[in-house]
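Asker: Residue numbers (our numbering), protein chains in the order written: chain B, 575 to 904; chain W, 542 to 856.
The hints are simulated quantities; they were obtained by calculation from the structure and are not laboratory data.
Note that the structure is a prediction, hence the values are computed from the model and not measured.
Just to be clear, a hint being listed does not mean it is correct.
What the hints assert, rightly or not - Covered, in the sense of this in silico footprint (three residues per stretch, anywhere, with C-beta under 8 Å from a C-beta of chain W), are these stretches of chain B:
hint, stretch
1, 580–594
2, 607–616
3, 807–816
4, 886–893
C-beta: ideal position from N, C-alpha, C; glycine also.
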Amino acid sequence: MALVPACVGTQLKYAPFASSVDVGFWYTFNKKKLEEYKLNTDPVCLRGGYVNTEDQGQAPRLSILYSAFARPANETSSPGMFSCPGVLLHTNTVEEFKSCNRKELLNSIADERLYQHMLSGKALDEPQILATFIVHLFADLKKYHYIYWFAFPAFISHKETIEEPIKTLEEYWTKEQMEIFTQGYLTIESDVNPGFFVLEQPSEECFCFHPLRDYGKLLEEQRQVCLGVADPSSIGGVPGWPLRNLLTLAHLQWPSHSSHKVLCLRMSVRRGERSVSHSLIFRVRLEPRENATDLTPCVGWEKDGAGNLAPIKLDLSASMDPEKVCDSAC
Amino acid sequence: GVAEYLTPVLTESKFLETGVLTPEEFVAAGDHLTHHCPTWQWDAGDPAYTRPYLPPDKQFLVTRNVPCYKRVKQMEYQGAETVLDENDGDGGWVDTHSSSLLGDNGSGAVAQQIAEMTLDDDKEEASRSVPAPLLERQEEPEDDEDEAFDMDEFDEMGKVQDEDPSEYIAPVVSGKSGLDDVMEGAAGGGGEIVPTRRYDLHITYDKYYQTPRLWLTGYDENRVPLSVEAMYEDFSEDHANKTITVETHPHLSGGPPMASVHPCKHAETMKKLCEIMTSRGSRELQVHLYLIVFLKFMQAIIPTLEYDFTQNFTL
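Just chain B, same shape as in the assembly (with noise of 0.2 Å):
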């Protein structure tokens, strides 16, 4: 497969998660903001998820559907789905969505909700945290019209370079110790999140997984570890969204070691075979960027088709309202 040329010494770009929100999720909206919210506009815990077995050629996507209110959203992720938690910001009116401070508001979550769970170490012990996202919504229930903008929160105070160029595991393991890393993976034990973990190789042909919170220890006992990550980008040669917020951790919570390897872990599923061959292998260093004070200011909110930021619009009246349905039947 060709990669993205990406080489030694330039820095590591990330793909950014494209949103995807099932029909069904306004659908249980409407339905709450009528009957449970009304008028208060309090944040409300959204589960979300995304996977790694993209097709090339598509965007890393982070969905959220009709049953994203209703489940924890620290309910464990499992090999093929990787949940993660989010915040959904909704407004009474049309005015209050136009003229959010989207810089604040994004920091402010950020914050609260990454930064500070990354500082404490709880998003070692729940790494699902660190895919945290943000909805931002002003729905006009009368006519089924929504306005919504997803962020996907990051920070830009330090930059990661690369040091070891990046390859395929193709090129890096046999196919044997691919098929014997699967293996591992598919039956990994539950305190470890198989969207976020350390992998150890202490022989050519064995595999052990780590929960994240254990990587400075096995890095202090000079272990052949790394970093992994179920990856959702299906780029050659350029990672997903959630490697940058496990590289962040990394450095505020191990900030004696700037130089980590890092496995993108992807997969595929044809003809009921996995293959992990395309996933990425590759060791970065972490750097303040210049000027740098603190973790603050972070960026993420969603690009929409044309590159351009800014909010989606989606008119569901077609298949929503009541009157139109009657027509359309009729």
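Dock chain W against the given chain B, drawing on the hints supplied.
Answerer: Same frame as chain B, but now just chain W:
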């Protein structure tokens, strides 16, 4: 519906004789599918709509965000096009992809069985469901959206956030060359992103017909839900106006009506497929393979959707 309510749960295995499934067999076949094709997952659905004859966490199967690069009309027919049963009052069935469905030695027989899977109008009306609005294009909805949300001010990038030097900006590929690259597996290697339609597929257990039932929700290149009319472009033309109906999903409360492949002929077709497989193969078709065969036969109806359902196994 009332019919579903009144139909007793099937308890005795009859799939080889009649092509129908018990709920237990549906769960066994679903477990097999999720194990071998993990892009398929069990879903619990809305708890208010849990059916007692299925385990609470295994109410239906789902695979999401299945790419759909081409419309049916854009498909290359590869010379396999055959008009079946020209005497059919509806003008005959065109089976455009029997080779993919049948493997190398695809005899016309299976294609024929699938082709016969048209809804009989009389029976259809006697049963419970409402036929979909057929292929009639709706009037374009009035575009009053822009009045409601005039978002011009969002164009000022700096106002929203600082520039992100670590963000990868993918070249977007579109048009015919992009599609061809995708079909050849060449796209993505250079880091492009190819905008495409996406589908969520659900398989529920239909208690009335005692078979699995396929449901579809589509999204366009900009992630906006597709209208039923737009989705017809992804259904094989001959099936679109015969076997696709729009109904309420049995496990999702108040959700939008969803397009579904009507199951009234599923049992019959499955029975014939089972018979063909048994006569060709060395042994009887086992019930856990039911959904894999079912999805293979669904592909006749949604030929451009690339969902995974195969293992090392041919019809």
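Asker: Against which earlier hints does the structure fall short, listed by number upward?
Answerer: Those not satisfied come down to hint 2.
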